[in-house]
Amino acid sequence: MSTHPDYNAMSDAEFRKIFRDWVDVNCPQHLRFMRKQRPTFDEVADWYHALNDKGWLSPVWPVDYGGMGLDAAKHIVYVEEWARLGCPRIPDHGIGLTGPLLIEHGSDEQKAEFLPKILTGEHVWCQGYSEPGAGSDLASLRTQAVRDGDDFIVNGQKIWTTLAHCANWILLLVRTTKSDKRQHGITVLLVELSSPGVLVRPIKNLREEEDFCEVFFENVRVPARNVVGEVDVGWALAKSVLGHERIFLGAPSRPEYALTRLEILARDRGAFEDAAFRSRYARLRLDLYDLGSAFERFAKVLREGGTLGADVSVLKIFCSELYQRITEEMLTVAGEEARYYDDLPVGDAGGAIDVMNLYLDSRAPAIFGGSNEIQRGILAKAVLGLPSR
Amino acid sequence: MPKIILDDPDQTLSMLRESVETLATRVDGAARLRRRRADGGDLDRDLWSEMAAAGWLGLLLPEDMGGSALGPAELAVLAEGLGRNLLTEPFAALAVLPGQILSAIGTPAAATIAQGLADGSRITPLLWQDAQGARAPLTLAGNGEAMTLSGTAHFVTAAASATDLLVLSERDGVPALVVLPARNGPAGSGGITVSSRPGLDGATIGQVTLSDVAVAQDQILAQGTAVETALQAAIQITRFALAAELAGVGAKALEDTVAYTRDRVQFGQSIASFQVIQHRLVDMWSDAEFACSAVTNAVEMLTEDTPAAAAQAVLAAKARAGDSAVTITRRAIHLHGAMGFTDECNIGLFNKRAITLNAMLGQSEDLRLEFLAQEMATKSTAA
Chain G
1 MSTHPDYNAM SDAEFRKIFR DWVDVNCPQH LRFMRKQRPT FDEVADWYHA
51 LNDKGWLSPV WPVDYGGMGL DAAKHIVYVE EWARLGCPRI PDHGIGLTGP
101 LLIEHGSDEQ KAEFLPKILT GEHVWCQGYS EPGAGSDLAS LRTQAVRDGD
151 DFIVNGQKIW TTLAHCANWI LLLVRTTKSD KRQHGITVLL VELSSPGVLV
201 RPIKNLREEE DFCEVFFENV RVPARNVVGE VDVGWALAKS VLGHERIFLG
251 APSRPEYALT RLEILARDRG AFEDAAFRSR YARLRLDLYD LGSAFERFAK
301 VLREGGTLGA DVSVLKIFCS ELYQRITEEM LTVAGEEARY YDDLPVGDAG
351 GAIDVMNLYL DSRAPAIFGG SNEIQRGILA KAVLGLPSR
Chain B
1 MPKIILDDPD QTLSMLRESV ETLATRVDGA ARLRRRRADG GDLDRDLWSE
51 MAAAGWLGLL LPEDMGGSAL GPAELAVLAE GLGRNLLTEP FAALAVLPGQ
101 ILSAIGTPAA ATIAQGLADG SRITPLLWQD AQGARAPLTL AGNGEAMTLS
151 GTAHFVTAAA SATDLLVLSE RDGVPALVVL PARNGPAGSG GITVSSRPGL
201 DGATIGQVTL SDVAVAQDQI LAQGTAVETA LQAAIQITRF ALAAELAGVG
251 AKALEDTVAY TRDRVQFGQS IASFQVIQHR LVDMWSDAEF ACSAVTNAVE
301 MLTEDTPAAA AQAVLAAKAR AGDSAVTITR RAIHLHGAMG FTDECNIGLF
351 NKRAITLNAM LGQSEDLRLE FLAQEMATKS TAA
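Chain order of the listed sequences is G and B. With UniProt numbering applied, the first sequence covers 1 to 389. With UniProt numbering applied, the second sequence covers 1 to 383.
It cannot be assumed that every hint is accurate.
[To be verified] Quick list of in silico lysine-lysine cross-link-like pairs, DSS-like style, CA-CA up to 30 Å:
#, chain 1, residue 1, chain 2, residue 2
1, G, Lys36, G, Lys178
2, B, Lys379, G, Lys17
3, B, Lys3, G, Lys381
4, G, Lys300, G, Lys239
5, G, Lys239, G, Lys36
6, B, Lys352, B, Lys3
7, G, Lys300, B, Lys352
8, G, Lys17, G, Lys54
9, B, Lys379, G, Lys300
FYI, nobody ran anything at the bench for these hints, they're computed from the structure.
Put together the whole structure using the sequences plus the hints.
This is the structure in structure tokens:
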């Protein structure tokens with residue numbers, strides 16, 4: 001592992017240049033601006049290993065654990081350049097979820113066992129939170145873990161588990177105690193997917209891709225040493241992971257990319273000649289511009305060492321709904337061609353715009369990460385102080 | 001609650017904010033608006049003088065013109081405060097717009113007028129718009145001793161209260177800025193006719209017809225491209241002031257609506273506990289937040305020396321703040337129920353004020369298209 005310069009001591013511009021120059025050379029061209037939002041580990045393995053060899057795979061883990069130790073300001077630069085260069089999303093539940101959880105709450109043995117294997121890619125993680133009866137209402141989860149000697153026996157079902165069929169470990173929220181207060185009695189377990197009794201079944205999404213899964217647990221034995229933190233108090237742990245990273249749920253990169261696609265399509269189809277289209281396009285363009293201004297207001301808080309409040313989720317709502325409105329406009333511009341499922345050709349040079357791919361993809365961000373209705377409910381209470389019924 | 005967040009290293013901004021709030025505790029903006037409306041007035045000279053005494057009218061003017069030589073950040077905070085407190089004297093149209101033209105021209109004659117503007121002794125509206133708000137044909141004819149000015153200007157702010165009229169005229173296609181005493185000159189020198197119509201926000205809006213009004217050489221303050229440049233720069237900064245004022249109007253209307261819906265009890269509970277009301281309020285809050293961050297962005301772009309970026313940022317800020325304020329206040333009326341439909345309730349005044357400010361110097365739709373046209377032009381130059 002290489003020793004790092006102190007990135008946080010650099011100016012943002014300096015770090016941006018170093019990061020961009022290396023990434024632009026080392027991220028394979030065929031992986032740039034992939035149509036798949038969530039490629040599998042195998043599809044991007046070269047890029048994953050290249051990042052790890054450079055020591056740049058994990059931007060926020062402390063340096064002692066093999067991370068870059070970036071502060072929030074530099075992390076924003078990292079994410080912005082990543083998006084600007086069109087790098088593919090890597091399977092990042094290990095880097096973004098399990099890793100930080102263990103660093104914060106794990107035992108020394110767990111850290112030593114699991115963190116290095118995340119970096120090498122030996123362990124590929126997925127997130128076992130949602131259940132058929134526990135989506136937005138996550139605290140009602142029912143997958144059960146019962147103590148049996150040195151083990152827990154797990155029974156139940158998870159669903160919407162992204163890329164579980166390409167993972168070998170799952171970060172699992174289970175119920176260990178039935179309690180009147182539903183947030184109590186939940187425990188975080190680290191479970192190997194090859195354990196007897198685990199069945200993973202991929203689900204086709206609207207894009208006919210297998211990107212999320214159902215995961216079934218039938219009398220699965222999990223060693224008790226794989227409990228993270230204390231038994232029964234896992235809810236607080238699971239909620240503590242997203243700190244400043246909540247800002248990235250509202251990062252403008254997806255609508256920004258979609259708007260460039262809309263512009264190309266609209267030019268090719270002559271839509272800018274139409275005053276009504278220009279009006280609609282101008283609104284989308286300004287919404288994107290203003291999202292940038294709003295994002296900057298929260299980024300500035302982080303740059304100045306502050307912490308984000310609940311109000312940051314205004315970005316997630318606006319960003320995901322803007323992404324949808326842009327892709328809906330693409331369908332309008334496509335006209336009768338909106339009947340095609342494959343990409344729409346533009347220009348004479350063999351270019352194409354993935355209208356339907358983006359349209360379908362844009363359905364998801366308003367649902368995941370706490371649906372926009374859940375976010376509005378949180379904002380109503382946390383920011384506006386409105387009373388509960 | 002949403003507000004325009006800016007760096008304030010030496011506390012200038014917080015002091016300014018405080019001084020607006022202090023004035024607002026003495027001066028009930030809504031009551032003043034209603035009184036002015038009942039009187040058919042176009043300007044509350046007492047309040048205007050107080051604003052002059054506070055240094056607000058000359059906020060941006062250089063010190064040798066009686067100003068405070070402050071910048072976009074201070075302007076944003078002041079205008080936001082006026083908007084929040086429904087202090088509806090025509091700050092943007094009557095202090096910022098003519099003030100910025102006069103200071104850009106910068107001649108001794110212009111400076112003298114600017115000083116009067118700053119200390120509140122002179123009321124100097126700009127005459128430049130036609131019946132639809134576009135450039136009015138105001139024609140300067142003749143030469144030397146025999147010049148006359150003719151034409152009709154609409155949307156004249158404080159026309160009846162004016163002491164001087166700044167007339168953006170044309171002579172043979174060349175712009176000329178002329179200052180006229182607002183009252184008719186000597187007999188036979190031609191006439192100035194002022195009429196007015198009621199404005200939505202309680203101030204009358206003037207129309208001024210000039211019929212062969214005699215003009216002496218020293219009444220021409222500037223001619224040629226300098227006039228056009230001054231006008232465009234003044235429009236930009238005035239739009240920016242309007243954006244900040246609109247952000248204030250929207251934010252305060254939201255706060256008042258949150259308070260009202262919390263207090264209002266139906267079916268045995270506060271109506272703010274109902275999910276449908278909560279989600280609407282959150283959307284209004286989001287609109288107000290975006291308006292404030294758009295204005296903050298414009299402050300930053302105006303402060304940096306990047307004219308093209310500043311132009312974009314101001315267009316975006318006024319478009320966003322205008323749309324937000326109009327939408328928030330309209331929804332606010334609804335959430336106040338039948339009470340919101342009464343003249344007695346202030347929430348309707350916020351909506352009327354928002355519509356008025358939003359309509360000045362370009363509605364949001366026009367500004368967005370202008371933004372797009374500028375950006376496309378830049379792209380095709382770069383390509």
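Results of checking the hints against the structure:
no.: 1; hint: Lys36(G) to Lys178(G); result: 40 Å, violated
no.: 2; hint: Lys379(B) to Lys17(G); result: 24 Å, holds
no.: 3; hint: Lys3(B) to Lys381(G); result: 19 Å, holds
no.: 4; hint: Lys300(G) to Lys239(G); result: 24 Å, holds
no.: 5; hint: Lys239(G) to Lys36(G); result: 28 Å, holds
no.: 6; hint: Lys352(B) to Lys3(B); result: 21 Å, holds
no.: 7; hint: Lys300(G) to Lys352(B); result: 34 Å, violated
no.: 8; hint: Lys17(G) to Lys54(G); result: 16 Å, holds
no.: 9; hint: Lys379(B) to Lys300(G); result: 29 Å, holds
Violated hints, listed in ascending order, are 1, 7; each of the other numbered hints is respected by the structure.
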